[in-house]
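Listed in order, the protein sequences are those of chains C and W. Using the UniProt record's numbering, you'd call the opening residue of the first sequence number 1 and step up by one each time. Using the UniProt record's numbering, you'd call the opening residue of the second sequence number 1 and step up by one each time.
If you're looking for bench data, these hints aren't it; they were derived computationally from the structure. Honestly, I wouldn't trust all of these hints.
[As the list claims (entries may be wrong)] FRET-style restraints, in silico, Cβ to Cβ:
| # | chain 1 | residue 1 | chain 2 | residue 2 | range |
| --- | --- | --- | --- | --- | --- |
| 1 | C | Asn-299 | W | Gln-155 | 58 to 66 Å |
| 2 | C | Pro-286 | W | Gln-18 | 29 to 37 Å |
| 3 | C | Leu-497 | W | Ile-86 | 33 to 41 Å |
[Said to hold, decoys possible] When the alpha-carbon atoms are kept at most 25 Å apart in a straight line, the in silico DMTMM-like pairs for lysine to aspartate or glutamate are as follows:
| # | chain 1 | residue 1 | chain 2 | residue 2 |
| --- | --- | --- | --- | --- |
| 4 | W | Lys-270 | W | Glu-292 |
| 5 | W | Lys-270 | C | Asp-60 |
| 6 | W | Lys-169 | C | Asp-86 |
| 7 | C | Lys-265 | C | Asp-111 |
| 8 | W | Lys-255 | C | Glu-459 |
| 9 | W | Lys-190 | C | Glu-492 |
| 10 | W | Lys-169 | C | Asp-111 |
| 11 | W | Lys-190 | C | Asp-111 |
| 12 | W | Lys-218 | C | Asp-59 |
| 13 | C | Lys-290 | W | Glu-62 |
| 14 | W | Lys-206 | W | Glu-163 |
| 15 | C | Lys-290 | W | Glu-60 |
| 16 | W | Lys-218 | C | Asp-111 |
| 17 | W | Lys-190 | W | Asp-139 |
| 18 | W | Lys-125 | W | Glu-165 |
| 19 | W | Lys-312 | C | Asp-111 |
[Said to hold, decoys possible] Example chain W residues on the side facing chain C (calculated, C-beta under 10 Å, incomplete):
| # | residue |
| --- | --- |
| 20 | Gln-101 |
| 21 | Ser-133 |
| 22 | Asn-137 |
| 23 | Val-138 |
| 24 | Ser-164 |
| 25 | Met-167 |
| 26 | Phe-171 |
| 27 | Asn-178 |
| 28 | Asp-180 |
| 29 | Gln-230 |
| 30 | Lys-270 |
Backbone N, C-alpha and C fix where the C-beta goes; we use that ideal spot for every residue, glycine too.
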Amino acid sequence: MTEEERRITYPLDAGSYSLLYEIGSGVSAVVYKATCLPLNSAVVAIKAIDLERSRANLDDVRREAKAMALLSHPNILRAHCSFTVDSYLWVVMPFMAAGSLHSIISSSFPDGLPEPSIAVVLKETLHALSYLHGQGHIHRDIKAGNILVDSDGSIKLADFGVSASIYESHPSSSSTSSSSSFFNDMAGTPYWMAPEVIHSHVGYGIKADIWSFGITALELAHGRPPLSHLPLSKSLMMRITSRLRLEDAHEQCGKENDKKKKKKKFSKAFKEMVASCLSQDPSKRPSADKLLRHPFFKNCKSPDYLVKNVLQAVPTVEERFKEIRIGGRHPDEADSGGSASPPVKNRRVSGWNFNEDVFKLDPVYPEESDDKCAIKCIQFSGDELISNGDQEGNKESKVEEEELAKKACEAPPNSAILKESLVPNLVSLLSSLELQRGMVMDVLAHCGCKDGKEQKVREQREQQLLGYVRSLQQTVVDLNLQLQREMKRNCELEEALDSVRRRSGEKQRTTGT
Amino acid sequence: MKGLFKSKPRTPADVVRQTRELLIYVDVNWNSRDAKREEKMAELSKNIRELKSILYGNSEAEPVSEACAQLTQEFFKGNTLRLLIICLPKLNLEARKDATQVVANLQRQQVHSRLIASDYLEANKDLLDLLVSGYDNVDIALHYGAMLRECIRHQSIARYVLESENMRKFFNYIQLPNFDIASDASATFKELLTRHKSTVAEFLSKNYDWFFKEFNSKLLESPNYITRRQAIKLLGDMLLDRSNSAVMVRYVSSKDNLMILMNLLRETSKNIQIEAFHVFKLFAANQNKPQEIVSILVTNRNKLLRLLSDFKTDKEDEQFEADKAQVIKEIAAL
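In isolation and in its complexed conformation, chain W is listed as follows (with noise of 0.2 Å):
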């Protein structure tokens, strides 16, 4: 008898509009502690759980490309995605999950071939900053991290990021007590930075004194092994793109720039040595080396020569050894 009640099977469309409805009803009532609530939870956790095996399929099933797109539609239409972000910290850890799972496919759905996840965050901006500062909240740091840099595949939307005040506080974050934290914060820079090449070029070239001052000080000269190690990986990958080569020439002209890189060859660390190298190299392959570049180059020669000399990494790698050649004889002749 009980198949006779049973409604008929929602919509995608049906679970985005229930879910809207749980998520308004927790937003307005979370100070109340009664048992409706509860159940109002659990009812919420489900709808995202559907929502995410819609999405992505099920051990019995593949996702079905029409359900995504009316799932999609539906729910940017409205506006569940800055329901869902706000409530997140009140959802169950694995309900966070979901939601976070959810956000990140959401980013790649396409409706009538248009990435309407895009329009949305272009017309809710504000949500990347509360995004960004998720970051400041233990609970829910690694969830709104991984939605944020899966907004940020969106360039227009990672333009707004680096050019938004939230950019300066990345430098912070990378730097976090906690290993979790900090780590997805820093892929989450680096992400930003690396990316989209001609956003990234444009960024660089119209902030480059505040952000490499930022950058040299905060964290090439970190006390922190870890964000010495993944800065000078990063700067590499910056200098060394094609993209970047009006700012990389104006970095590798700076004494100052040199004097870091100099410290960073001296370390103890092979892996911060063999990155720091990769960015040496630019300054002494550099055709047209400022006056203070070569008189600092020529009066530590000795002492760079055996350095380099003595310089190896662990596997053998015949392009670092042929970099390596090269700029040993750039110093020779000097």
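Isolated chain C, as found in the complex (with noise of 0.2 Å):
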């Protein structure tokens, strides 16, 4: 924002403003296109925060405000001001005529954007974050749904803290499961969460939003962040054992996935970077200013490029809007990764997916023991495979999940911060399982119309699926006792450890006097 514009002194009352019509929501906030009146009806968007619903205490909003109205880039969505009205927090903002890439993307881009576009798009959202990490603040949420666009192309980055998303619907955010309202109590939006935010007591760090980016890069290339079909329970256990496999589901719609696939070829320099981004040790993952002087931004086009390649082929934000709402009250809208995951134009079949394009992200990493040459391959469909682990399948993940009980039970130091982060996890992991196990039922149930062969097909696949989510049950249920027993035998040893101090204290006193 220029030095003139933020002289425009917007006025602090509701009376001042009108709200045309919603343009996004949340869980406790809403978006408005409105004008000012006193401005010659300048077109603002309006973000209203509920104060009494927003989980987030008064001084987190307080800091969100503040960040907001001291920020100043052309790439950062800056506040003209905020003001109170009854219990909401009213924040006037810019008003970005083309929406969020995310928006753009379900509506318009569902097999993702072209290379051209997304390094034009990465590459303005960088010299955002090299701001922000250059003034100290971690964004803590970038993903496409807070990467907002004018209608003359240029892009800026919204919403800092950690409340509901600016220009992003949560059309499913109702049907809050138990997963959901877990989630909520973390700060960003899990499928583009690094793996040390999962584990959060390592702390956030600048590096933390790098990964979010190079998550963000794999969405606007596919349409979707990686493992976005998972439940968000398994989305995350599997960032947390620090694998991202290939998924079962994976050979088995092979076939019918390699007719639909669109054959996509991106380039190395982006795959490339786009890796060195999502490394598992944050230390090794570049700053913003190092990404910005690499090569896949080399001959990047201005942010006009997009007015033509993309911005025309999307229809406003009021239409995609009012779309995602009629969209909303489908009864199969119900969907297993809860409030944060992106409406999918399919839905209809599942929150499984089975039918989308099989799996970009597969990282596989060695052993922790040379981490040195952590080998990963981003996999971009209709490229070839380079991984190692992508047959080790079924088994391996239950393999996983012991080693991981292992981990908790051996490790005693640990074993509480352990126990923090798994107990949770596997509960909302098990009610997830259950919710998929009645989707995959429903969808058995709907083919199960079709003609006799493919009703055996898919009768073993049936098998096949429940026995794997019957195993996976268990494993849970086993890792759950585990957990009670270390939780039982370190409760034991710390009552011991006390009486032992009681009694070593008891004869220091007694000797001393």
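Starting from two chains that each stand alone, build the complex the way the hints lay out.
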């Protein structure tokens, strides 16, 4: 924002604004397109945050407002002003006519954007990140839904602090499953979250933003973040266990996919850039400044390139929002991923997304011992798969979770932390498994009326899937038991320690007197 | 060849001295609109940024304590802090933010295990009045506010602000229409009234009458939702603090206070209701309830019991349930 723009003073009362229509909504906030009457009906966006409903305490809201008031960069959405209207906080912001990239993608580019457009978006986003990080801010919620585009192709990063997303609609937010309410307590939106954010005890760092930036790159390339067809809890588990594996559904649905899939080729520079952001070790991820010097951004077009190549194909923000609204009433809308999972076009099938293209992200991490030569393979669909872990499939997941359980039991100093992060995860995993099971049954019932041969195949699949679900459930139950046992043991040990201490204290006292 | 003419690296003290000279220049020559002033302004911004990177380190280096000590000593030897605060409105946004961070950091720097910032402020208390009045100016409010909150980390400085006439201004600042500024003022207000326990207790007992009169009428009975919500939370924090127990006993013996609290209990806002309960319970738990308090509670016994029995927190809260049971018992037994 230029100095001049800042000098315009926006009025601080609701009466000076006329709300036109909703352009986005979240759990505790609604975003409107509005006009400011005293300023010649200048168009603005107003985010109305329900302070009574928002979970964030008021200090967080204050910090976010302050950050937004003091940041000044062409690629960062800055608030014009903010004021309270009864129990709502109104944040008046520039209106970004083309909406968020998430909404652009889901309305017009379900399979992702072409690479030159991605480069433009990412480069502008990096400028914003570089400024933010230079100012000592961490965004913590980088994703396509928070990258906004204006009608001239200019790009701004939005939403500081982790309240509801600007311009982001969560049609399924009302169906709060147990898992989604749990995740509301965590910063960021789960599919974009870096492993060390999930391991929240490690703390956030600037490099967590870089991870999310990498995931956002994949989201722009494919239309959705990796692992997003999995339920949230599962997706998180996979990242905690340091493996993003090829999913079993891939083998089963591979043939169908091949027909549908549009072959997509991405440049080596792009793949290399994304891979560097997704390094498991935060210190190995490059800084925003370093990324800006990456060859991928060398011949990057200017933002107006987006006008012709992206924006022309996209309906207006208000049309898009209406569409989502109408779609939101569909009974099949219920989504295993909870409120945070993006609306996907062919929802009707199920939350599993069996018919989506195969996995793109398959970094295979070798054993912890040799992390120097971490081989990461980013598989872009249509490209050749270069991974060594893709056939391990079913068994692997069990092994993995057993490993996890072992870790939980073997590492007493960490066990408390592990428990803290594991128990809620396991609980939510269990509930989401139940949910998926129901959905799988639904799908199968749906397919049941097809011809005989297919039905047999499907029945086989059903058995396989149910077996998989059951074995996972069993593992979860086992893990829970083990954890409980471990906790009990811990308690006993602590008691013993306590009594030893007490006894030695008494001894000292008696010898003292 | 260029390297030959390069001046030798400046010491932290040099950077402070140069910053001071530039500040004096900018202060004196503000009205001349020439290229030279622009140049000096740019140089000043660069110097302030350099001060910041000495104090906080940068991406390549951690801060060095010896350099920080040198900088701090030179800074407070001269009148740099005063100049910087006075000239802040003339700086651009980035330089203002840097200056604010520099001032914040300096409050914690020790030289020969003394916080010399505190000594300086004690000798220049008018600067605190200046910082408080920043809330009147939209452009500098957040910067002065942040500096002020760092300065009142020093107990003697907090005492000065509490006892100054400025304290009364906060009741209005908290309700400014601009949310950024109002909430910053309210954070400072809270800090003043909770940070230094003994000073706060002394202030509250000395200034009980006017302070709670203002607090009740302007904040707890404000038409503004956010003001009421923040005020009732702060009241709870103050009264439940052990060091303020004398003040608490006095507060919960007043019928007028009880009436205000009972009105807050009826609010539609859950957050306000819950915070109000945490203060209300003190009235009920008071073992020496004045007669007029007892009679209000008895008159409204049925309504109160009904309200309390329907009263639940969103999350399970054992302490809350226990408190509630106790209050219900107390009221039922009257």
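Problem set entry | Hint check against the structure, violated hint numbers in rising order | Of the numbered hints given earlier, those the structure breaks are 3, 4, 8, 9, 10, 11, 16, 19, 21, 22, 24, 25 and 26, listed in rising order.
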